[in-house]
Amino acid sequence: MGVITISRGSYSMGKAVAEKVAEQLGYDVVSRDLLLSASERFHVPEIRLVRAIHDAPGILARLRHNKQSYLAFIQAALTERVCQDNVVYHGLAGHLLLWQIPGVLKVRITADLETRVVNEMQREGISAQEAREIIMEDDHQRRKWTQSLHGFDPWDSNLYDLVIRIDRLTVDDAADFICRAAQRDGFRTSEKLLQTMKDLALASRIKAELVENFPALGVKSEYGNVIIYTKDKGHAGTALHKRLEAIRKTADDIYNLEVHSVKSIPREAV
Amino acid sequence: MSIIIVSSEVMASEKQTAQAVAEAVGYELLGPEILDDIAAHNDLAADKLAASLSCSPSPWRREANKRWLRYLASIEAGVLDRLKADNIVCWGLAAHMFVRGVSHALKVRLLVDEQQEAKQIAEAQGISVKKALKSLENEKRNCAQWSAAAFGRNESDPAMYDLVINLSQIDLDEAVRTISSAVGYRKFQPMTYSMKTLAEGALAARVKARLLASMSDVQVEASDGRVKVTSKAMKRERQKKAAAIKAMAGEVEGVEFVEVHLINYVIRAAAESFR
Numbered sequence: 595m596g597v598i599t600i601s602r603g604s605y606s607m608g609k610a611v612a613e614k615v616a617e618q619l620g621y622d623v624v625s626r627d628l629l630l631s632a633s634e635r636f637h638v639p640e641i642r643l644v645r646a647i648h649d650a651p652g653i654l655a656r657l658r659h660n661k662q663s664y665l666a667f668i669q670a671a672l673t674e675r676v677c678q679d680n681v682v683y684h685g686l687a688g689h690l691l692l693w694q695i696p697g698v699l700k701v702r703i704t705a706d707l708e709t710r711v712v713n714e715m716q717r718e719g720i721s722a723q724e725a726r727e728i729i730m731e732d733d734h735q736r737r738k739w740t741q742s743l744h745g746f747d748p749w750d751s752n753l754y755d756l757v758i759r760i761d762r763l764t765v766d767d768a769a770d771f772i773c774r775a776a777q778r779d780g781f782r783t784s785e786k787l788l789q790t791m792k793d794l795a796l797a798s799r800i801k802a803e804l805v806e807n808f809p810a811l812g813v814k815s816e817y818g819n820v821i822i823y824t825k826d827k828g829h830a831g832t833a834l835h836k837r838l839e840a841i842r843k844t845a846d847d848i849y850n851l852e853v854h855s856v857k858s859i860p861r862e863a864v
Numbered sequence: 199m200s201i202i203i204v205s206s207e208v209m210a211s212e213k214q215t216a217q218a219v220a221e222a223v224g225y226e227l228l229g230p231e232i233l234d235d236i237a238a239h240n241d242l243a244a245d246k247l248a249a250s251l252s253c254s255p256s257p258w259r260r261e262a263n264k265r266w267l268r269y270l271a272s273i274e275a276g277v278l279d280r281l282k283a284d285n286i287v288c289w290g291l292a293a294h295m296f297v298r299g300v301s302h303a304l305k306v307r308l309l310v311d312e313q314q315e316a317k318q319i320a321e322a323q324g325i326s327v328k329k330a331l332k333s334l335e336n337e338k339r340n341c342a343q344w345s346a347a348a349f350g351r352n353e354s355d356p357a358m359y360d361l362v363i364n365l366s367q368i369d370l371d372e373a374v375r376t377i378s379s380a381v382g383y384r385k386f387q388p389m390t391y392s393m394k395t396l397a398e399g400a401l402a403a404r405v406k407a408r409l410l411a412s413m414s415d416v417q418v419e420a421s422d423g424r425v426k427v428t429s430k431a432m433k434r435e436r437q438k439k440a441a442a443i444k445a446m447a448g449e450v451e452g453v454e455f456v457e458v459h460l461i462n463y464v465i466r467a468a469a470e471s472f473r
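Going down the list, the protein sequences come from chains A and B. According to my numbering, the first sequence holds residues 595 to 864 in order. According to my numbering, the second sequence holds residues 199 to 473 in order.
The following block holds chain A by itself, in its conformation from the complex (with noise of 0.2 Å):
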């Protein structure tokens, strides 16, 4: 019973060790589907929440927020899939948008950029100086992409439980690595990390309801009671109130909401 997190440079063979992983554990594998049921949801084009979690956004993007709409709705998606346990996700960011949760296990698969260009070419059937240039772009992208909206560097192992090079090991092996792990008390989902991925759910169910209208916002929730947090001191006006009015009668699990007013969004807010 967990949570677990794959986070991969392309052509790394994440993909096969999260099915591995999530086969073994009896776990169900999460990754582009959740863009699909977060574009349904917020009606959304899918393409552009691909392209939320794969670019770094440029000075534009970034003064009309786009990007953090986008990714409020892949984690208001992600969390509330969490929420149902035992999932492996794998793909861009999860070890990002659930870092608020102690017992994810964050794993990272990383490979040899030789390796990764020889399964770039034997896919795409194109030759090693093409394929070497496209991952290169997309590793370029994917640290540019962390360090502008998170500020961390993806490569950093500090962000992760377990750091696993696959080239001299096996899929089967990388996986027994991480099932082991995974059975550890510590990973496994008790009452109080149900709680915790629920506030979680809940924080980014707000957030995402809010963030094109309100993006400067922070949302936290400890067994429901929800803080809103807003760096204007006139609690944003009129038009936040009614806008959480509106949430809170379609939400049955909030138990209490607030606005509080601060000079920064507290780290563990969403």
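Not close to chain A: a few residues of chain B, all C-beta gaps over 12 Å, as computed:
| hint | residue |
| --- | --- |
| 1 | Met209 |
| 2 | Lys213 |
| 3 | His239 |
| 4 | Ala243 |
| 5 | Asp284 |
| 6 | Ile286 |
| 7 | Gly324 |
| 8 | Arg436 |
| 9 | Ala440 |
| 10 | Ala445 |
| 11 | Gly452 |
| 12 | Val458 |
| 13 | His459 |
To give an idea of the chain A side of the interface with chain B (calculated C-beta under 8 Å), a few residues:
| hint | residue |
| --- | --- |
| 14 | Thr704 |
| 15 | Trp749 |
| 16 | Ser751 |
| 17 | Asp755 |
| 18 | Ile758 |
| 19 | Arg759 |
| 20 | Leu763 |
| 21 | Phe771 |
| 22 | Arg778 |
| 23 | Gly780 |
Rather than coming from a laboratory, the hints here were simulated on the basis of the structure. We put the CB at the ideal spot given by N, CA and C, even for glycine.
Since the structure of chain A is provided, determine the placement of chain B on it from the hints.
Same frame as chain A, but now just chain B:
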């Protein structure tokens, strides 16, 4: 049958994990205690040899750098020679930097929870947590500077390791079980080629350590008893230097043939022409 190399930015975790893994798999433990032997064998000061694994001299101090590189080459030769015995868990000797191309060496990096580690250090040494944290940060910074100066690589780069385990959520027992389980994997079994790479690395390091005793700027490669030495020399001293290298390298056990490549020492030649 393989080599396990455990490394970490925090020495205490490295030692504890290596000991536990060695016990679990029944391998021999190889740690900094061999430095005394290496020092005696190479006629070097034991304390300076040990210090060379944690501190790097300023790049401007030419003589100090030459001595430091000699110490490192001596350690590399000593460590690689001992790793040939196989079934070894190695820690505290920077062996992960020496085993390039040795496929049967499993390289593991441990990351520690800084806060937790600082609390333990503070308790053990009777100092404040803040002070302990600062000392940990210094230790990390030194590690990064050392690996960059010695090998031109960043020690914290995950690409250097087969497995990186974060001990803030995975406890030591689990980490030990995970590392131990990898020993049986096919890719970490010693093969003729990887054993040969290890032996050739050891020979090259032995020759380098011997040459650095009297000269600087030396690169050494070894293959099937043939040793290729690359160095710098001014035009007028080329013959003399090549002969000296051949004589010194030829004395090292296992060397059958010495090939010397001398590159023109342009900067020194230019400096001397202005005198």
